[in-house]
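*Asks:* Chains as they are written, first to last, in my numbering: chain V, -16 to 318; chain Z, 11 to 386; chain B, 132 to 437; chain L, 17 to 524.
Incorrect hints may appear among the rest.
Said to hold, decoys possible - These stretches of chain V come out as covered by chain Z in the derived footprint (C-beta under 8 Å, 3 or more residues):
{"hint": "1", "region": "61 to 73"}
{"hint": "2", "region": "232 to 240"}
{"hint": "3", "region": "247 to 255"}
Claimed, not checked - The calculated lysine to any residue pairs, modelled on SDA-like cross-linking and capped at a C-alpha distance of 20 Å, are:
{"hint": "4", "chain 1": "Z", "residue 1": "LYS225", "chain 2": "L", "residue 2": "THR110"}
{"hint": "5", "chain 1": "B", "residue 1": "LYS299", "chain 2": "L", "residue 2": "THR110"}
{"hint": "6", "chain 1": "V", "residue 1": "LYS74", "chain 2": "Z", "residue 2": "LYS178"}
{"hint": "7", "chain 1": "Z", "residue 1": "LYS225", "chain 2": "L", "residue 2": "ASP387"}
{"hint": "8", "chain 1": "Z", "residue 1": "LYS147", "chain 2": "B", "residue 2": "TYR434"}
{"hint": "9", "chain 1": "L", "residue 1": "LYS173", "chain 2": "L", "residue 2": "LYS214"}
None of these hints come from the bench; they were simulated from the model.
No residue lacks a Cβ here, since even glycine has one placed at the ideal position from N, Cα and C.
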Amino acid sequence: SGGDSPTDSEGAIDNEIKIAMVLGEGGLGDLGFNDEAFEGLLKAAEDFGISYDYVEPKSVNDFEPQLRMFAESGEYDLVIAVGATQVDAVKLVASEFPDQRFSIIDVAVEGYDNIHSSSARNPEQHFLSGVLSGLVTLDDRLPYTNEENILAFAISIDAPIPREAAAGFMAGAKYVNPDVEIIYNFIGGYRDPEKAKEIALTAFDRGADIITHNAGASGLGVIEAARERGKYVIGTSRQSADVDYSLAVSVKKTEQMVYKEVESIVKGTWQAGSSVYGIADDVCDYDISGLKVEIPEDILEIVEDIKQEIIDGKLELPYKIEDVDEWAARNQYKK
Amino acid sequence: MKDLKRKFAAGLGSFKLSFFALFFALLTGAIAIALSGYSPIETYKAIIVGSLGSKQGIILSLSSATPLIFTGLAFATAYKVKMINIGAEGQLYLGAMAGAVVGAYITGLPRLVHIPLTLLSGALVGGLIGILVVFLKVKFGASEIITTIMLNEIILLFTSYLSSGPLKPEDSVIPQTHVIQETAQLTRLAPRSQLSSAIFIAIAAAVLIHILIKKTPLGYEIQVTGLNRRAAETAGISITKMYLITFFLSGAIAGLCGSSLVMGVNRRFVEGISANYGYSGISVAALGAYNPLSIIFSATLFGILKSGAITLNRTTAVPIEFVDAIQAVVVAYVAAPRLIEAVLSLKNKIGLKKEKSLNRQQNLAEGEVIKDDGNI
Amino acid sequence: MMEIFNILEIIITSTLRMSVPLILASTGATFSMRSGVSDLGCEGMMIGGAFFGVLGSYIFDNAWIGLLFAALFGMLFALQHAVLHVTFKVNATLSGMSVNLLSAATATLLLQIIWGRHGNSPRVSAFSKIQADWLKKLPVIGEMLAEQNILFYLSLVIVILAWIYMFKTNSGLRLRMVGENPQAANTVGINVVAYKYFGVLMCGLLCGLGGAYLSLGQLNIFVDGMTGGRGYIAIVINAFGGFSPIGSLLGSLFFGFFESLQTIFQGKLIPSNIVRMMPYILTIIVLSIGIRSSKAPAGVGKYHDE
Amino acid sequence: MELIKMTNISKYFHHVVALDGVDFYLNKGEILSLLGENGAGKTTLMKILYGMISPDSGEIYYKGQKVNFHRPLDAINMGIGMVHQHFMLVPAFTVLENIVAGAEPSKGIFLDIEKAREEVGELIRRFNFNISLDDKVERLSVGEQQRVEILKALYRKAEVLILDEPTAVLTPTEVDEIFVILDELRKEGCSIVIITHKLKETFAIADRISVLRDGKMIANNVDPKKLSENELSKMMVGREINLGVKRPAKNIGKVRLRVKNLVVKDGGRKKVDNVSFDLRDGEILGIAGVEGNGQTELIEALTGLRRPESMELELNGKKLEGDANTFLRNKIGHVPEDRLAMGLVKEMSVKKNLILGYHREEDFCKNIFLDEKNIEKYAEDLKAKYGIKASHIEDPISALSGGNQQKVVIARTFSRDPDVLIVAHPTRGVDVGAIEYIHGKLLELRDRGKAILLISADLDEVMTLSDRILVLYEGKIVRECQQGELSDVELGLLMTGGNLEMALGGEI
Ligand SMILES: Nc1ncnc2c1ncn2[C@@H]1O[C@H](COP(=O)(O)OP(=O)(O)OP(=O)(O)O)[C@@H](O)[C@H]1O
Ligand SMILES: Nc1ncnc2c1ncn2[C@@H]1O[C@H](COP(=O)(O)OP(=O)(O)OP(=O)(O)O)[C@@H](O)[C@H]1O
Ligand SMILES: [Mg+2]
Ligand SMILES: [Mg+2]
């Protein structure tokens, strides 16, 4: 759809830069990844006075023609592809249009003269939340925790990126709480809050007191379950966080990755290649701003301490759920 | 000669109906768009310019139509024996997976062998699913509507498992399989497009099914089975065999759709490879009155709408769901010739003699009878 | 380690919750099938119920009015099905599918037009668990029942009423006769068209309620695509339950049970995608060995005047 | 007194004129026989009276009052009941449910099934029906089903009863039973219209006769006492009809088909119980029996449609086994018992129906394709030869009248030169003209040396055509006899399980 830069309406165009965005499958309204990416574009448009167009693909087969449509028009300074699923399409279209610059978000692509990729170290998104949860579940100062040493993770779909995120969470929890049990379930979709809620309720009934998810709009069901049971939840989107029950938000600042892409175009520093971000780059983090749960200072200190360890490069996180136990056996937090 | 005339008249009758159905659907759509505060003219202009206004647009329309020819044909084929194949989606997925495996893991074959082999692998697994459905129906009386819905879920999960587990390339962060060999890739007909030679395969399949149904004894048996099972049995036609053949063909065509998507568009299996093509096929088949040749055109119409929607999405703020809604309405109108008649006669009520409308009804009835027979 | 009993209790509680939309929708499907109209539009009617339930609750800030909206708009989409199939004799598979297409598109469009939002609605007032402490005190099932919201009880009442209606009243007998043999029904003076409309509209009403359970019972928001194919599952369950309200209830519980069982089974040993196949595979198996005898009403898809 | 008057009724189906300015009346307390060829418009006229079809023009008066019936309910409310040519029953319902549905006794909104049982039970006793209320209709024989249909009308206390070919599927005994009931109803003041193709029945029961021809009422007030059967059939068809003349076989040849130990089971019950017989070239072997005594299963076994429990079948001295296709290919022709359900595809053209079952034979195929040209020629040929009345061979079967539909089946089977013919109810629901024609064809084939097995519910038909008769009762052959050996009363007795010797001994 046509997006106006805010300056358009005032009649004075700050610059002629025009950005195109091909969102991930399913488009806007996922309360997660796509919405965040779009937010980054909006913010950049406001800050730099650029104009933009975007499309919302209905299926994976739409990426290629939509990327091509933008490239073909020759109007755009940059075409941003959102989501790892676009990788094949971007590579193909980029080779067809060597003069068109592309950025792809969420997956690393190398070896193309006209593609820059921004991606995150996925385990780092949830690692600090994992640490926080591992500590909180053992703590009786918070009103909604229980005796059990059990956490839960409602994973969106059974695919590598969501699994990597879950691995990060588990590693975090076990890093500070080696005996913790983590129940995890796959919801099977980004738009099935009913199923997600059921998974969350089941997990709570099995003794978990904190549940986390990375399932976009399905996460609404997880939050609802937490509210109903009076338990904690950690989501991935500030938009849908619940001030009373959200312990934190695990952020992977997709908006920031997008913003940086646009910024580099405006500043003329855009270069082909690949950037991988993490906690050290302030792209992955845990976020408790605006939430009401009062987490004891000593716990937050430990989390910050561990965050520093990562920034200092002292910890290499596991990418696979299967590797977490072995990793935790080797890595234990010592004060 | 008289024959030709009859057929022509009937064909014209059903063409007229399709035309009016389309017209009323667009009109209904325009009203909805206007009520929602957008400009119908701008919307339709964007759709038409986007899909037919340029060479690229036309090519995109055709490439979007290709899978729909397959799935429409798949539904229509099973419908010839009055079986409802809601399972094209699953058959397509399994076909795509088979194509991806055969295309990627078999190496060292010349194109001339590898391409047909890969195509057929998709057709084969799709067809086998069809056979399974018939087996469950004949042996246990399980309705094919139910089993195909269940199988869709099962197959989707199964291919998901394969593409995120055992068959996923090590370095891939999304569920998908390895890229297929060069020797298994279909040629793209136009540079910078998804249009591949799959469209010829689809058209050829439609023509072959048409000939099979209309011109051969087997097709005759299929028609008889669809129209009157007991008469077919009495005439020594094995119903089970007819079910098996048509459902195998139906599944095979859907499977072929899957393998040709892999070979022509995606070059590998990816999750979400079908944009609900299996389900859209039902509408396409209906719009084409279950006639294999007409399905080519109805699929093209859907392809045009689809590629128009892409442009619409880029250039206007009009939500593209309007295109979906228009499709739904087209289906409703087309499927209801009597509805169109009713709407038309509303207009004609004043001033026309009863006799005339009697005449028209007569034409309509004739058109219908012949349509059911599969003729146009 | 959890005790087996505990796990079982969790599963059953979850089963009851998950079954409600299926119970409602498949009972709806029963009405449709018993009146001789195939019920492929259930998914669309559920979407309609889920969306308009939220809209109603949004406008009036009252979940009950939302429920009323859900019922009405479920019926509105059902009306489309009825007009096309019953009056204009469109093949029921098609008219059902066109209901599904249209209601999905309508919901997405209205989200954008009314709230300017993509993908989900704002939060609205919804139903909560019933507050009845005496319930909890019941042995064994107390905790499980207290977990449910009012719609669960409503759905049980509906099933019972539907069963009584269908098998114990004059009108129910006529409905079934229409579904079995519309021509015969016509010749004994039954208004076939009216009964078919009634069956389809009841289907819309109940599917609408089923949809509303998703958006207003379990949640308080509409999310695009939230029905997730439950309408299709309801069709299957209805056949599975022998086209009877009680059968639909049992079928829904069966399906819900394996659906919740699989969340427990998911884990390290078997890949999640394989475990999630369980309810579907079991349905096919049971369908194959168990219920050969349950035949669909003989008049499905037939008209009285042909 | 005129109870019902219909004036100037016309009805068109597309371009077919079904009724053309018909006047019709019915007096109180009379039984009127409505006669006419197939397709004359009898059913259509009665359906209009019953509110099922609305006429294109014309008026209906009931007790002098002009009425407009839009749906059957309007007619039912006026006390008109109709028993349809094709059963209007729900197989999955019980007899009781079938009878009361639509007019159920109730307690509030609930069904009062006990009251229903009482009321219907009362009726059954009064009219001496032999039927159990809780049986599912799908398990009943056609005769029983016919009784359920009549009960439906009686239950609704019809003052006017329309019976559309109620006797087509009944045995003579059953017909007699029904006529007793009709007589009783007449005495009570009920007015009855009965449609039948059997003139004998008309003479037995009717007070008055009306004759339709080609949609026109050509005689409205014929007194059955003043007319002979021949005159009547001439009136109907426009020519002399000669039915019932026996033409014995002249040259019966060798055994063509030998059936031994045939047993067919259905749901555990033996439907055909150890039947053995020989069928010879040049003879017609008739099977007499009340419907539901194993005829259907016997035919199915002998045409390959059903795998029997046990059977040794020899064709030309060689063992034969297989499915329907095998039987057809071995030149066993089959005229199925229900032409529309089993013999024809009503949406398909006459042409295509004429090759059904033989469509893979050489003369209809060229390479892998159907040989359209040849098929067309063949169809035109048969249409002329068998006098099939259709405007074009491309017309769908549904556009033909019942008699002509039957002719299509007959033409198809007879012209493929079968060695054996299994013919079931060849003239059911067919008018006298067509009956004469079909009988002629059957005898002609026999005289050309074909072996013919004839199954018919019409005992007269069996008796005139057959050279030899087997009586089937409860799946067993209870008697074999030659043509003319036994009278219809004796056969009827055997068919219902009676014992001839005892009966003749005057014991009954
Ligand atoms: N439509 C999509 N297309 C591609 N990838 C997606 C899509 N939706 C989700 N993902 C992937 O799944 C991950 C989790 O999805 P979710 O919507 O919960 O995002 P999130 O975790 O809230 O977003 P973020 O990671 O940007 O904070 C995303 O980070 C992204 O890698
Ligand atoms: N629904 C219909 N559509 C088209 N033509 C019809 C329809 N019903 C009857 N006809 C035609 O109207 C004519 C009269 O039919 P009708 O059934 O009244 O004959 P009938 O006298 O009852 O014959 P039969 O003795 O075979 O029952 C026939 O030519 C028939 O083909
Ligand atoms: Mg704890
Ligand atoms: Mg008749």
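*Asks:* Would you mind marking each hint as holding or not holding in the structure?
*Replies:* Status of each hint after checking the structure:
no.: 1; hint: 61 to 73; result: holds (count 4)
no.: 2; hint: 232 to 240; result: violated (count 0)
no.: 3; hint: 247 to 255; result: violated (count 0)
no.: 4; hint: Z/LYS225 x L/THR110; result: 46 Å, violated
no.: 5; hint: B/LYS299 x L/THR110; result: 14 Å, holds
no.: 6; hint: V/LYS74 x Z/LYS178; result: 19 Å, holds
no.: 7; hint: Z/LYS225 x L/ASP387; result: 8 Å, holds
no.: 8; hint: Z/LYS147 x B/TYR434; result: 25 Å, violated
no.: 9; hint: L/LYS173 x L/LYS214; result: 27 Å, violated
Taken one by one, the earlier hints fail for this structure at numbers 2, 3, 4, 8, 9, listed in ascending order.
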